[in-house]
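A.B. asks: My request is simple: use the sequences and hints to build the entire structure.
From first to last, the protein sequence lines are chains H and P.
Counting in this note's numbering, the first sequence runs without a single skipped number right up to 93 at its last residue.
Counting in this note's numbering, the second sequence runs without a single skipped number right up to 466 at its last residue.
Take the hints with a grain of salt, since some may be wrong.
[Unchecked claim] If you only want the chain H side, here are some residues facing chain P, beta carbon under 7 Å, derived: (1) E27; (2) P31; (3) I44; (4) I46; (5) M74; (6) A75; (7) L77; (8) L78; (9) P80.
[To be verified] As a list, the in silico SDA-like pairs of lysine to any residue whose alpha-carbon atoms are at most 20 Å apart: (10) K453/P - A93/H; (11) K453/P - D56/H; (12) K453/P - A48/H; (13) K453/P - N423/P.
[Unchecked claim] Stretch-level coverage of chain P by chain H, calculated; a stretch enters the list once three of its residues show a Cβ under 8 Å from a Cβ in chain H: (14) 198-209; (15) 420-434.
Just so you know, these hints were derived from the structure itself, not from any lab.
Even for Gly, the Cβ is constructed at its ideal location relative to N, Cα and C.
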Amino acid sequence: MSSERFLIEGELSAPGFQRWLQGHARRIGISAQIGRADADAVLVTVDGPPALLDAMEMACLLGPIDVWVESVTREAA
Amino acid sequence: MNGEAMRDQWYPVGIAAQLTPAGRDSLLLGEAIRIACDSDGAALVTDGAGRALPVITRFGHVWTTLGQPERDLFTIPEADQPGRRLVDVGTVLVRCSPLRAVENFLDIAHFPFVHTDILGSEPHTEVQRYEVEIRDDVDEVWATKVSFYQPQAAKSAQGGINAEYMYRVPAPTCSVLYKTCPARPEEWDVITLFVQPLTETTCQVWPWMALFDEDSSMTDMIHFQQMIFVQDRSILENQIPALLPLDPGMEIPTRADMTSIAYRRWLKRHGYTYGAQLVAA
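C.D. replies: Right, here's the structure in full:
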């Protein structure tokens, strides 16, 4: 198991993005705690197996259709 | 039309060497077009109202557009390299989204399972880490440092090799694969997938290659590549949803899908959504 912080940056003001993050984390079986959340940046702490954290990063990079994710920066929590 | 930005792009609509004065009817982005040639053999493409559309003849194919492209059709410098054999592979009609066809071409992980004992084999199923970027200077998606064991990487291959790949997406329905050349390991073979979007859920695929291969007959090279695309077709025609999702929805992309994710991000950023699904599956 690993614990990482994902700094997600982009145009993230669409309502429901945080709910989408938590829903996708739940779907792939990792935990996600949302910290700072602005219109252009969201910080989320994720815990789970490394391969699933990679999968979370991939999903975040695409994001829901009404959100544009410019980048996902990862660091150990 | 869904995906207005895609009108202003160039699309393949036929093989230049196979044009006839009588012509034939086809579709482009759901609209009727006609492809023919004049008495000198020059390509003529018209829309449903008989209006002449812009034409470019390049890579052995005729390209046209329904809109007003800001850029010239992309180039492939290797196509002009002496010694390469340029192969018009033919065409395959596929009942899938044109974007799905390109995405499948970019997917490495399916090789051992769909192209078994040719482009992949078990137990060599792991996709090693590779690099993907959207190159802003040329506005293209590139995947580099891709490496995969292949039992028969090309018609010219003698036994299995660890093939190196680079993928390039220079247009929403076109992809160029640069692949280790078995006959000349210091060069790249070029294999392209040019896709004509007939409708959002049907497309005409026009593969084309620029290879160093002095031994294989043209027929053998064409048959080899057609065999690969026919294997892909049955997978493509059964994908659900039929349109390419631009939202992860119920899918769970992994690191092996980095190229697909970059491609979808690029489509989303530009509004290239003809053939895309815009709501979560």
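A.B. asks: The structure should be examined with respect to each hint, and the outcome stated for every one.
C.D. replies: Verification of the supplied hints:
Interface hint at E27/H: violated, since its Cβ lies 11 Å from the closest Cβ of chain P, which is beyond the 7 Å cut-off. Hint status for P31/H: violated, given a least beta-carbon distance of 15 Å to chain P, over 7 Å. Interface hint at I44/H: satisfied, since its Cβ lies 6 Å from the closest Cβ of chain P, which is below the 7 Å cut-off. Proximity of I46/H to chain P is violated relative to the hint, the smallest CB-CB distance being about 11 Å (cut-off 7 Å).
The restraint placing M74/H at the interface with chain P holds, with a minimum CB-CB distance near 4 Å, inside the 7 Å limit. The restraint placing A75/H at the interface with chain P holds, with a minimum CB-CB distance near 4 Å, inside the 7 Å limit. Taking 7 Å as the C-beta cut-off, the interface hint given for L77/H holds, the closest approach to chain P being about 5 Å. Using the Cβ-Cβ criterion of 7 Å, the hint placing L78/H at the interface with chain P is satisfied: the shortest such distance is roughly 5 Å.
A least Cβ separation of about 5 Å between P80/H and chain P falls short of the 7 Å threshold, and the interface hint therefore holds. For the proposed pair K453/P and A93/H, the alpha carbon gap of about 31 Å is over 20 Å, so the pair is violated. Straight-line distance between C-alpha atoms of K453/P and D56/H comes to about 18 Å, which keeps the hinted pair within the 20 Å bound. A C-alpha spacing of about 26 Å is found between K453/P and A48/H, which places the hinted pair above 20 Å, so the restraint is violated.
The suggested pairing of K453/P with N423/P is violated, with an alpha-carbon distance near 24 Å, which exceeds 20 Å. For the segment 198-209 of chain P, the stated coverage by chain H is violated: 0 residues have a C-beta nearer than 8 Å to a C-beta of that chain, whereas at least 3 were required. Against chain H, the segment 420-434 of chain P contributes 3 residues with a C-beta closer than 8 Å to a partner C-beta. That satisfies the three-residue criterion, and the hint holds.
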